[in-house]
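**Student:** Each chain, letter by letter, is given below.
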Amino acid sequence: METILTIQNLNKIYNRKVHAVKNLSFEIKKGNVYGILGPNGSGKSTTLGITLNVVNKTSGDYKWFDGAMETHEALKKVGAIIERPNFYPYMTAEENLKLVCKIKNIPFQKVEEKLELVGLIERKDSKFSTFSLGMKQRLAIASALLNDPEILILDEPTNGLDPQGIRQIRDLIRIIASQGTTILLASHLLDEVEKVCSHVVVLRKGEMLYQGSVEGMLSSEGFFEIQADDMELLESTLKNHPSVDKIITEEGKLLVYLKGTLEAKDLNLYLHQNNIVLNHLVKRKNSLEEQFLQLTNNN
Amino acid sequence: MKRLLSIELQKITKNRSSKVLTIIYFLLLSLITLIASIEFDLGPIHINVAEQGIFNFPFIWHFNTYFADFLKIFLAVVIVSMMANEYSYGTLKQNLIDGMSKKEFIISKFLTVLLFAGVSTLFVFIVSLFLGLKHSSFTEISIIFSDLEYLLAYFVKLTCFFSFCLFLGILVKRSAFALGFLFFWFGVEKISYGILKFEVFKFKNSDVTFIDRIYDFFPLEAMSNLIIEPFSRLNFVKTLGNQVGIESVKDYSVHFSTIAIVVMWIFIFILTSYYILKKRDL
Chain A
1 METILTIQNL NKIYNRKVHA VKNLSFEIKK GNVYGILGPN GSGKSTTLGI
51 TLNVVNKTSG DYKWFDGAME THEALKKVGA IIERPNFYPY MTAEENLKLV
101 CKIKNIPFQK VEEKLELVGL IERKDSKFST FSLGMKQRLA IASALLNDPE
151 ILILDEPTNG LDPQGIRQIR DLIRIIASQG TTILLASHLL DEVEKVCSHV
201 VVLRKGEMLY QGSVEGMLSS EGFFEIQADD MELLESTLKN HPSVDKIITE
251 EGKLLVYLKG TLEAKDLNLY LHQNNIVLNH LVKRKNSLEE QFLQLTNNN
Chain B
1 MKRLLSIELQ KITKNRSSKV LTIIYFLLLS LITLIASIEF DLGPIHINVA
51 EQGIFNFPFI WHFNTYFADF LKIFLAVVIV SMMANEYSYG TLKQNLIDGM
101 SKKEFIISKF LTVLLFAGVS TLFVFIVSLF LGLKHSSFTE ISIIFSDLEY
151 LLAYFVKLTC FFSFCLFLGI LVKRSAFALG FLFFWFGVEK ISYGILKFEV
201 FKFKNSDVTF IDRIYDFFPL EAMSNLIIEP FSRLNFVKTL GNQVGIESVK
251 DYSVHFSTIA IVVMWIFIFI LTSYYILKKR DL
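As you go down the protein sequences, you meet chains A and B in turn. First residue of the first sequence: 1, per our numbering; consecutive thereafter. First residue of the second sequence: 1, per our numbering; consecutive thereafter.
For reference, chain A alone in the conformation it holds in the complex (with noise of 0.2 Å):
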């Protein structure tokens, strides 16, 4: 698969104090869809950043598309938007768009198109100072994409929207994937990850602790939540099995982690053989939030 984006060894101390970003490493390759999690002053705008030519890195180094062409160039195949919408405030929608189409060196013509795709059609001869903050974040959208590029860069997109903002650009941005182009989506938001990427980076402190898919984040075994009607007699029974990890105690239900794999009707079928029945039997998967703080809280 084609990489779009490598990051190798990337270091950035601010004022000679800051670590903000330590040894980082990872490759976005081209048609998935990426999430970069990480509290906040975790090293993601940093990082975002440094590839994008406006944060000077102190050491390692970042190649776009296998390093055929300066930073620059490359950035013009490029769509980013970083924390904010940034435009001139005192140029319309469309003329603001065709600047970005002089700097990116590209005809006007996709200037209508995507700003029917953002749905800012009808207020392109509105100056930008007069945009709510969603549709602001919208018209970044379309400047983004005005060169159909080969990524998308979102750096919190849905900061600050209301309810219906943030389900406007989230359905953008699937419309966007649906559409095949690579996104690398930037987010503390863990539900959002969760719905549109495939692929995630999680950073702490400015060190990466996960990378992979959010699939592999996710099925990293499991865990079953039961109850019967003797609980002392179940936590003993259950500590002989094999694939047993530990066990918890929780609002008077059991939940049991597991080291390898084990079905539910084979844990049923075990306890039956011991003698007990239960009450509850639930087999559960941590939700990216639970994964990630465990991830967050235990390194």
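Simulated from the structure, these hints should not be mistaken for laboratory data. Incorrect hints may have been included.
Unchecked claim - In silico contact screen, one side only, chain A against chain B (beta carbon under 10 Å); selected entries:
| hint | residue |
| --- | --- |
| 1 | 65 |
| 2 | 72 |
| 3 | 74 |
Where is the CB? At the ideal position from N, CA and C, for every residue including glycine.
Once you've looked at the hints, dock chain B against the given chain A.
**Tutor:** The following block gives chain B in isolation, referenced to the frame of chain A:
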């Protein structure tokens, strides 16, 4: 190059205050023609400015470039704010993300500076030519087109001043503070000069000392040395001077060395701006 200039011109022409300031600037430049109608009485002497020889070729080149220069502050405001706004709107960041290199960004700003300086020079040239042809006592081609180095000096002076403004805009990031810094710097040059020359070393005003030599290298001083004031060249001022016994021996010509110093400053301002932009995290 055309692309970079068209990007920059769009940023300026769509901005109402920049547009208004630019229009006012050129209106005021054309008002130089009104000087022709100034008449006043100085004691028993009746003075009609148009008849004092200020519109004679080639003196008019000196006179008009000197006066037109006072208006440069209007464009300076436009240039400082066009730079500082890029920071406050966050559009500098966005331009870079959209695929402009930092070098291209500086070049596009510098091209605008050159354009402003060039158009001003052309404008002053046309207005002066028109005034001269109407009022000058000499209209031979060879005389009309002599002393054109004042126009070159004017162009270099404006370019340097606007580059200074651009540099301050990038350095300070806020228009008001950048303009404040410009006046502050003007004060620093003048006051430190005065203190050094008259307080520390106790020289006389008329002495040309090493202090003057050093200060000739300072940016604003070098710029003002490019075009010396033309008043004492005027007939009636000369006459007055002679009557009170001051013999004028000033050198009014444009010196190559001064142009070289000012061009050096242009390079310093633009390259330092680029350096700052490159080093700074946005």
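**Student:** Hints first: check each against the structure and report whether it holds.
**Tutor:** Checked hints:
1. 65: Residue 65(A) check fails; min Cβ-Cβ to chain B is 13 Å, beyond 10 Å.
2. 72: 4 Å, holds
3. 74: Since chain B brings a Cβ to about 8 Å from residue 74(A), closer than 10 Å, the hint holds.
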